[in-house]
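The residues making up each chain are set out below.
2 protein chains.
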Amino acid sequence: MEITKLEPKIRRGLVVVLTGNGKGKTTSSMGMVLRAVGHGMKVCVIQFMKGDLYSGEWDGVKLLGSQVDFTSTGKGFCGIQGNPYPHSEHRKNAQDAIELVHRKINSGSFDLLILDEINNALQLKLVDLEQVLGILDKRPEQLHLVLTGRDAHPEVIDRADTVSEVNEIKHAYRKDIEPQPGIDY
Amino acid sequence: MEITKLEPKIRRGLVVVLTGNGKGKTTSSMGMVLRAVGHGMKVCVIQFMKGDLYSGEWDGVKLLGSQVDFTSTGKGFCGIQGNPYPHSEHRKNAQDAIELVHRKINSGSFDLLILDEINNALQLKLVDLEQVLGILDKRPEQLHLVLTGRDAHPEVIDRADTVSEVNEIKHAYRKDIEPQPGIDY
Numbered sequence: 418m419e420i421t422k423l424e425p426k427i428r429r430g431l432v433v434v435l436t437g438n439g440k441g442k443t444t445s446s447m448g449m450v451l452r453a454v455g456h457g458m459k460v461c462v463i464q465f466m467k468g469d470l471y472s473g474e475w476d477g478v479k480l481l482g483s484q485v486d487f488t489s490t491g492k493g494f495c496g497i498q499g500n501p502y503p504h505s506e507h508r509k510n511a512q513d514a515i516e517l518v519h520r521k522i523n524s525g526s527f528d529l530l531i532l533d534e535i536n537n538a539l540q541l542k543l544v545d546l547e548q549v550l551g552i553l554d555k556r557p558e559q560l561h562l563v564l565t566g567r568d569a570h571p572e573v574i575d576r577a578d579t580v581s582e583v584n585e586i587k588h589a590y591r592k593d594i595e596p597q598p599g600i601d602y
Numbered sequence: 418m419e420i421t422k423l424e425p426k427i428r429r430g431l432v433v434v435l436t437g438n439g440k441g442k443t444t445s446s447m448g449m450v451l452r453a454v455g456h457g458m459k460v461c462v463i464q465f466m467k468g469d470l471y472s473g474e475w476d477g478v479k480l481l482g483s484q485v486d487f488t489s490t491g492k493g494f495c496g497i498q499g500n501p502y503p504h505s506e507h508r509k510n511a512q513d514a515i516e517l518v519h520r521k522i523n524s525g526s527f528d529l530l531i532l533d534e535i536n537n538a539l540q541l542k543l544v545d546l547e548q549v550l551g552i553l554d555k556r557p558e559q560l561h562l563v564l565t566g567r568d569a570h571p572e573v574i575d576r577a578d579t580v581s582e583v584n585e586i587k588h589a590y591r592k593d594i595e596p597q598p599g600i601d602y
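Just so you know, the sequences run in chain order A and B.
Per this note's numbering, the first sequence starts with residue 418, numbered consecutively.
Per this note's numbering, the second sequence starts with residue 418, numbered consecutively.
Hint data in this document are derived by calculation from the structure and do not stem from the laboratory.
Certain hints may be false.
All copies of an identical chain are treated as equivalent in the list; a pair is satisfied when it fits inside any one copy or across any two copies.
20 Å max Cα-Cα, derived SDA-like pairs, lysine to any residue [to be verified]:
hint : residue 1 : residue 2
1    : Lys-592   : Ile-574
2    : Lys-587   : Gly-468
3    : Lys-555   : Glu-572
4    : Lys-459   : Leu-480
5    : Lys-422   : Lys-492
Using the sequences and the accompanying hints, generate a full structural model.
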């Protein structure tokens, strides 16, 4: 059996949005990291509101070497129970992350840019709609952009090429099963 | 800011099902590979009906080294236009893959086992419900099991801990954009 290796006639950067309330948005973006490096592509990941909680992908991407530039920013989910930081501090972190996004785009070094949880950051007013649309509109034509997080803004969805909504049918935590390493974080 | 590293009081293997018609099921399972290796876990991936079409993760996982055991089986999607192989041949391939699953489980070497597209294989009668339920029921308590593919069987969903349905809101191919490496394969 012959193995087919696709090669598009026209290469173009896609905008992919992963939204919804189910498990598999950040996880899916990490799968695209693994897929892209397999093609020899350079990937930049910037996570919003996630700098305070270790997740396995922090070390997983290190094994992929210099093809992946990974930054986890922020101080956890703004507004959830137990998070001690005021909105202003979360916004400051997210605004710094937006600056970082522009620096990474301007570097011209990447084929795929993942903005993890940016949909939530927008919903929580840590970043502004104009800032997110600005990133979408100014990105180089060949740069793939992936935006994850619940409550994706309709104007972001409108500009995207591929949008998936990940819906929770059931989740282990509802049976009081604690988050498990490798699966949940 | 301190970084929290969760550690569950009780570790237990989860059954995760990723189903639905949207992009992000296989991709999400590949994200769990990256996450799990970050925790030092050993991962086995067995893909059904996918041995004929190169995808970036084939090479991506190689960068993760010996923590990942990856096998892509089969001769493409059974029954789709252009696939020249009869059902009997697809079934033979899938049955061989089921045997491989049992060998991998019995080896006791893995913390996470991903059965990619097994839901479709079941729907297409390449494997039997009893075979899939047998895997779920006999697996070691600590082994995480991830089953992907459209049309997950209700009895599989019933036995799972976490189930996400990935729904297509839009997809680039509907705008006649060809599949792009790093994103779609």
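Checked hints:
With identical chains, the CA atoms of Lys-592 and Ile-574 are at most 20 Å apart between copies only, with a shortest distance of 15 Å across copies and 33 Å within one. Taking the closest pair of Cα atoms, Lys-587 and Gly-468 never come within 20 Å of each other, the shortest separation being 27 Å inside a single copy and 31 Å across copies. In this assembly of identical chains, the alpha carbons of Lys-555 and Glu-572 lie at most 20 Å apart only when taken from the same copy (15 Å versus 47 Å across copies). In the homo-oligomer, the alpha carbons of Lys-459 and Leu-480 lie at most 20 Å apart both inside one protomer (14 Å) and across protomers (14 Å), since each shortest distance falls under that limit.
With identical chains, the CA atoms of Lys-422 and Lys-492 are at most 20 Å apart between copies only, with a shortest distance of 14 Å across copies and 42 Å within one.
Comparing the model with each numbered hint stated earlier shows that hint 2 is the single one that does not hold.
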